[in-house]
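Below are the chains, spelled out letter by letter.
There are 2 protein chains.
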Amino acid sequence: MNINPFHPDFEKPATTDGLFSRDELRLANRNSGILLETLNLDITPTGAHYLLNHFDVPVIADDDHQLTLNGAFDAPLTLSMDDIRAMPQVTEAVTLECAGNGREGVSPRSHLMPWMYEAVGTSEWIGTPLAPLLERAKPHDNVQDYVFHGADFGFDKGHPHNFARSLTPQDIAELDVMLVWGMNGQPLLPQHGAPLRIIVPGWYGMASVKWLTGIEALTTRFDGYQQAHGYHYRTVADEPGVPITRILVKSLIRPPGVPDWVSRKRWVEAGKITLEGRAWSGGGVPIAKVEVLADSQWQEAELTGAPGRYAWTGWRFDWQAKPGDHVLKCRATDAEGNTQPMESAFDVAGFGNNSVHSIDVHVDDPAV
Amino acid sequence: MNINPFHPDFEKPATTDGLFSRDELRLANRNSGILLETLNLDITPTGAHYLLNHFDVPVIADDDHQLTLNGAFDAPLTLSMDDIRAMPQVTEAVTLECAGNGREGVSPRSHLMPWMYEAVGTSEWIGTPLAPLLERAKPHDNVQDYVFHGADFGFDKGHPHNFARSLTPQDIAELDVMLVWGMNGQPLLPQHGAPLRIIVPGWYGMASVKWLTGIEALTTRFDGYQQAHGYHYRTVADEPGVPITRILVKSLIRPPGVPDWVSRKRWVEAGKITLEGRAWSGGGVPIAKVEVLADSQWQEAELTGAPGRYAWTGWRFDWQAKPGDHVLKCRATDAEGNTQPMESAFDVAGFGNNSVHSIDVHVDDPAV
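Respectively, the protein sequence lines represent chains A and B.
Quick note on my numbering: the first sequence kicks off at 1 and runs consecutively.
Quick note on my numbering: the second sequence kicks off at 1001 and runs consecutively.
These are calculated hints, taken from the structure and not from any lab test.
Only a predicted model underlies this, so the values are computations on that prediction, with no experimental measurement involved.
Cβ atoms here follow ideal geometry from the backbone N, Cα and C, with glycine treated the same way.
Here are the simulated DSS-like cross-link-like pairs (lysine-lysine), alpha carbons at most 25 Å apart as the crow flies:
hint, chain 1, residue 1, chain 2, residue 2
1, A, LYS289, A, LYS329
2, B, LYS1329, B, LYS1272
3, B, LYS1289, B, LYS1329
4, A, LYS329, A, LYS265
5, B, LYS1157, A, LYS322
6, A, LYS265, B, LYS1157
7, B, LYS1265, B, LYS1322
8, B, LYS1272, B, LYS1289
9, B, LYS1265, B, LYS1329
10, B, LYS1265, A, LYS157
11, B, LYS1322, A, LYS157
12, B, LYS1322, B, LYS1272
Here chain B is said to cover these stretches of chain A; the calculated rule only asks that three of the stretch's residues, wherever they fall, bring their Cβ under 8 Å from a Cβ of chain B:
hint, stretch
13, 39-46
14, 252-263
Footprint (simulated), chain A over chain B, 3 or more residues, beta carbon under 8 Å:
hint, stretch
15, 1035-1045
16, 1052-1064
17, 1114-1121
18, 1154-1168
19, 1259-1272
Isolated chain A, as found in the complex:
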């Protein structure tokens, strides 16, 4: 297998100073962001949730699909979708975010999917808790990693592989991982992992493997590409880096008023405007505070509740909009005291940018 032809494409430096390459545009046209105007809703409408798919979406018939649990299990299993859907069903609102959300704001920028703010969404996921299924397969005492294998296959930096990620037994004990076959009251859509995926609440989206074909118990650490090389925080390219896990605290403003079609700048009438948005953190840690920067001062917003432990929290703030041009910002702090930085830290691949969201607003002067 000759993989060299693809390799050089990844070595190109990203274009800088607000210009983007054709490869970046192709990724932006292919992957899709949340519609920011839906940030007043607890649950993102189906089809408006962000989508980041590394390879081609496999369209898999439900009837043909099986999940295999193999490796270091005493009671390995092969299950049909009917077997899986017969397990105890739970529905949980979970906020997912791509670890690369905000990459466009990290400078210098890596040559990957150029997310601005849109790679987030909340769905009601329908499935069953994963931990009891693993127990049923009787894992050996010395299991070090459970590997989740996806059906999606392709090349990344010249490495051909099926997308796969792992979680340790301790991760499984601490996280409420779900095996998922439905979304927002319907069967999973192909692009969200049909017929079967996992959801790892509180972690960035790369952990929530789609098109799940197998769970493999290993007595060594998993060294697959997306686990051992991809998805690490790095400040220089050749360091081992720190594995990406929990979502960092973040918040977004629902753009107020009405948009300009191309620039997406906002036009607002003068007077009282209720600003609103959503804030979230990782690991099930609740949001403690959201502040809004308007008229040069930070002011605390009202929190309006979350649809689930692992889902974002709504917020709102009444603003007296005075004629002129304004920049609005919001900043969330979680119950562990983590808060959003004003500027993004540097990361080689642009991961984990949770710096504050800004919106440009023009407030109309009724006298003009």
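Assemble chain B onto chain A, guided by the hints.
For chain B alone, coordinates are given in the frame of chain A:
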């Protein structure tokens, strides 16, 4: 109302030579293209159909929604969604394409949503024929235009307006326009126009007004912004231009093999590969022929049928893939003899680029 603050943004020339501005990226992150790997399917999975929304998506409760038919009608009407859904129901597979699809390939490029090839999709639309409803409202004999008003509001080149488009009585007589409340067996999604929209089969997507609030019968021609100024073919900016109507003949190749994550280049094993894709034209004109350019010669593909009169036609072609780098192209011809050009014609706003689709493929040499 002071609209000047937005106006200058539209006067910026587009960045050229394969670089894109931050405004263009924002639009690409917001609007979403079809996943090209679903081009083997008659019906695009819900959520993978292209989306182009000028303004913010209004989220409208079904219970509150009414459709008003007013203006030059003898029997004006106001209908609830229950009234509308009680009308005779039809389901029709219709291919929609954005008039700006392919804009990225038009040089020099206009500063609008930079679609490459992805602004197309086919859904099964559920609704009722529109013409009998217009007759029920008894239009005056001198009606010149029926205006379709959307709930979405914003600015375009400094002009604030609700999105609205019109069709003449002759258009209504010739086109099978549908009033639509469902899609792929489900209620319409907010971003596709819920609770009510029209579908104008065979025309570019701008005609298929979403979030429909009213149909107004005019005894003059409609001069709304999106009808009288927007959506015209122009070779110079200040000419009146030609209104955009029917979809031009076009075809796409489903990318064969497996992708490279960032560049989307394709890796294929040597040997027989069945290439496949979809081809379509406007106005209900069937596809007569699809040709594939491979190994320096055009060869005719097999047509595999269409799911409806206004929907795309599948095609396939067996290719003997030899090791090396290849560029594959496809070209459709419709039953009226219209065919795709090799290069895009110039249009000021990048509309109507139906030039041929190319895919870069690397065929593996098993001996390497």
